[in-house]
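S.K.: If you want the building blocks of each chain, they are given just below.
Number of protein chains: 2
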Amino acid sequence: MGRRKVSPNLALDQLVARRQAEGERIVHLGFGESRLPVFPPLADRLAAGTDRNAYGPVVGDAGVRAAVAGYFARRGLPTEAHQVVVAPGSKPLLLALDMVHPGDVLLPQPCWVTYGPQATLAGKRAFGVPIPPECGGVPDPDAMRETIRAARALGHDPRIVVLTSPDNPTGTTAPPEIIRAICAVAEDEDLLLVSDEIYRDIPHDPAMPYLSPAEVVPHRTIVVTGLSKSLALGGWRIGVVRFPEGPGGERMRDDVASVASEIWSTLAGPMQAVAEYAFSEPPEVCAHLRASARLHGTVAKAVYDIVVAAGAQCRPPTGGFYVYPDFAPLRESLARLGVTDGESLQRHLIEELGIAVLAGVHFGDDPRALRFRAATSMLYGRTRGGQWAALRAEDPLKLPHIAEALADIERGFTKLAAG
Amino acid sequence: MGRRKVSPNLALDQLVARRQAEGERIVHLGFGESRLPVFPPLADRLAAGTDRNAYGPVVGDAGVRAAVAGYFARRGLPTEAHQVVVAPGSKPLLLALDMVHPGDVLLPQPCWVTYGPQATLAGKRAFGVPIPPECGGVPDPDAMRETIRAARALGHDPRIVVLTSPDNPTGTTAPPEIIRAICAVAEDEDLLLVSDEIYRDIPHDPAMPYLSPAEVVPHRTIVVTGLSKSLALGGWRIGVVRFPEGPGGERMRDDVASVASEIWSTLAGPMQAVAEYAFSEPPEVCAHLRASARLHGTVAKAVYDIVVAAGAQCRPPTGGFYVYPDFAPLRESLARLGVTDGESLQRHLIEELGIAVLAGVHFGDDPRALRFRAATSMLYGRTRGGQWAALRAEDPLKLPHIAEALADIERGFTKLAAG
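Which chain is which? The protein sequence lines are V and P, in order.
One point on numbering: in the working numbering, the residue at position 153 of the first sequence is 1431, and numbering is uninterrupted.
One point on numbering: in the working numbering, the residue at position 47 of the second sequence is 1325, and numbering is uninterrupted.
Since the hints were derived computationally from the structure, they do not count as laboratory data.
Computed from a predicted model, the values in this text were never measured in an experiment.
No residue lacks a Cβ here, since even glycine has one placed at the ideal position from N, Cα and C.
Misleading hints may appear alongside valid ones.
What the hints assert, rightly or not - A short, non-exhaustive set of chain V residues, derived as facing chain P with CB atoms under 8 Å:
#1 P1395
#2 G1401
#3 G1513
#4 S1539
#5 S1543
Said to hold, decoys possible - Where chain P lies over chain V, by a calculated footprint (3+ residues, C-beta under 8 Å):
#6 1312 to 1320
#7 1324 to 1333
#8 1368 to 1379
#9 1546 to 1556
With the hints as extra help, turn the sequences into a complete structure.
M.R.: So, in structure tokens, the structure goes:
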């Protein structure tokens, strides 16, 4: 049995924390965390939920399931409480789905670091499908048909597609027409769609159209989300899943509940109290979500402008807090620095320029590609005061600590471009 | 793929809750939960930990790992913080161990409902080995040698043994000489011992000798524990694991951390704050643990007396909060009631006598055996006031709500014995 590795984004985060603690100056864009404080009413709910020390139902209490159902209903997805299961993060739910649904998995290439390893843990094969030019987070529909044909010809059995919109690592949102094209392939090829919508509540422009595949092919779409990204609660571990209405969805929900009962029992009771409040979306939570999304959009755009000015190609970010530039246009000059692929680019950036990013190869991208993910949500400041100031600022780019970090980044990429 | 079931203890708990809500009078002994309130300083720690919303290290923060190391050191197991990993319950840790260590699994028969399904989820075979006459939670050493020989002859590869002491479902503690005998087999046959010590801090007699296999064969023993049972925090989901010192232990720790990073990321930050406090064992926590253990012992003994008086054979409970009687002596008279196996006994008890228990078959025991587990920790009352009174009472058996429930149980078993 080969030695297993820690998920590369978590590993990089630990490395940077160590080097910063040793006094090194590093701009950390390497970790997919929203570095913002806890919205105080959420902390109040956690404290108020301490009495919930009984195990409770595996799928979650009635109250939290009803709140999550309402959340989906307000997004054009009519939902009953019994279609919902809560869990300690969306990660275990995604694994459970892999465990209970038969067949192999199709993944956008690049995609979030964990989908592939989870497929392996569940005894499945994962097939990467290149993303289209318009956006990340979805396989290119034509390439997906091609991959399915080729996989079947080799005796494999692709039956699940994972979509992420807005996307990690590209920070883009799939346009409705692409979602419809994917859904058409799913219908033709009898695929289950797992729609990871954990960045859905971080649109940079609230007016941007959003289409969930669950609106198009509800009977074959599972939606997964959580509070880690939108409410900066990664360390609290709150995830939810919505199953389709009807016997197929019920069966899959029961199967996931069964796996849950053997792996994690239930979401911690006090966290269920938090989730019930957050997913009911009172006005103050909505206002906080809007302010967070505005900040994420502003800073992502600033980093996008810097990398494009340095000569990279890049899809403009539209949701979440990532930028995913491609330095292919600079391949020749970068080669003179010893930078010839994603890994050497990542190494050069952290060691020569003090910028921590995660190379595309960690997201399943072509190892030779000069692409990486910059998590711009790490720029809001290392103190709670700085983070609150960023959230409240009319123009967060003018705050000294953010302006300084952006200047560091600009200097770094200008130097990189100069060769 | 066959339809999966929810873990039977959680399923029974949900059934009883529904029927009680409908107004039925049921004495609920069917669920392995310590029905006690949260010790208030733990709630304070959770509230104080709300600021911990960053992901943090997969294995847990330095503070909580150091506290857990101290906990083990005080129990004769010198431990460094780097040997410790925390998680949302001991359940995911046990699964991860199954996933990273090769080979099949040997389980005491009967044992906790989840070990077997977890082995299956990890793609392993589980072999039940009968428990010795002295106690549950450990395979009979001679029977274990026999099972290993037979399994290998069939081409299987048993390499892991799971021990539970004090035990679920029998409520007994393995005597040191049996632990030594198991360790000798493990040495001879090169087995990994997974010692589930989640009931360790609930000894009915604090002077009772306790030997962890980690004291005998430290290099091949992994210890798993948590706060769900001792501090009645099942719904908070806090578990820990201790790996052996040295390269073998480090490798397994890294492998488990890798699996953790793909399944659950980390224990929620506020829960780590709770764990750091609880595992540091300040005097007030120790006093609360002692009071809890005394209550558990008193009530388990009372139920033991009732079932033995009704004609059952039963190992005297010595730790945790379970009693596991065997009604074999009443087989003939029970047959006249239509009770011929564990399932029909469980059904008769809940439907005719209003007593909810979990039949031995759910713990992997012989389906024909007239055995069940009674979780006596469910008797402390359904209100917080009643539970606090139970904890503080000089003689909890004299409290009206406990005396009444015991009277119901006594009436039920007297009726059962009368046939």
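S.K.: Against each hint, give a clear statement of whether it holds in the structure.
M.R.: Quick rundown of the hints versus the structure:
| no. | hint | in the structure |
| --- | --- | --- |
| 1 | P1395 | 5 Å, holds |
| 2 | G1401 | 7 Å, holds |
| 3 | G1513 | 4 Å, holds |
| 4 | S1539 | 4 Å, holds |
| 5 | S1543 | 6 Å, holds |
| 6 | 1312 to 1320 | holds (count 4) |
| 7 | 1324 to 1333 | holds (count 8) |
| 8 | 1368 to 1379 | holds (count 5) |
| 9 | 1546 to 1556 | holds (count 4) |
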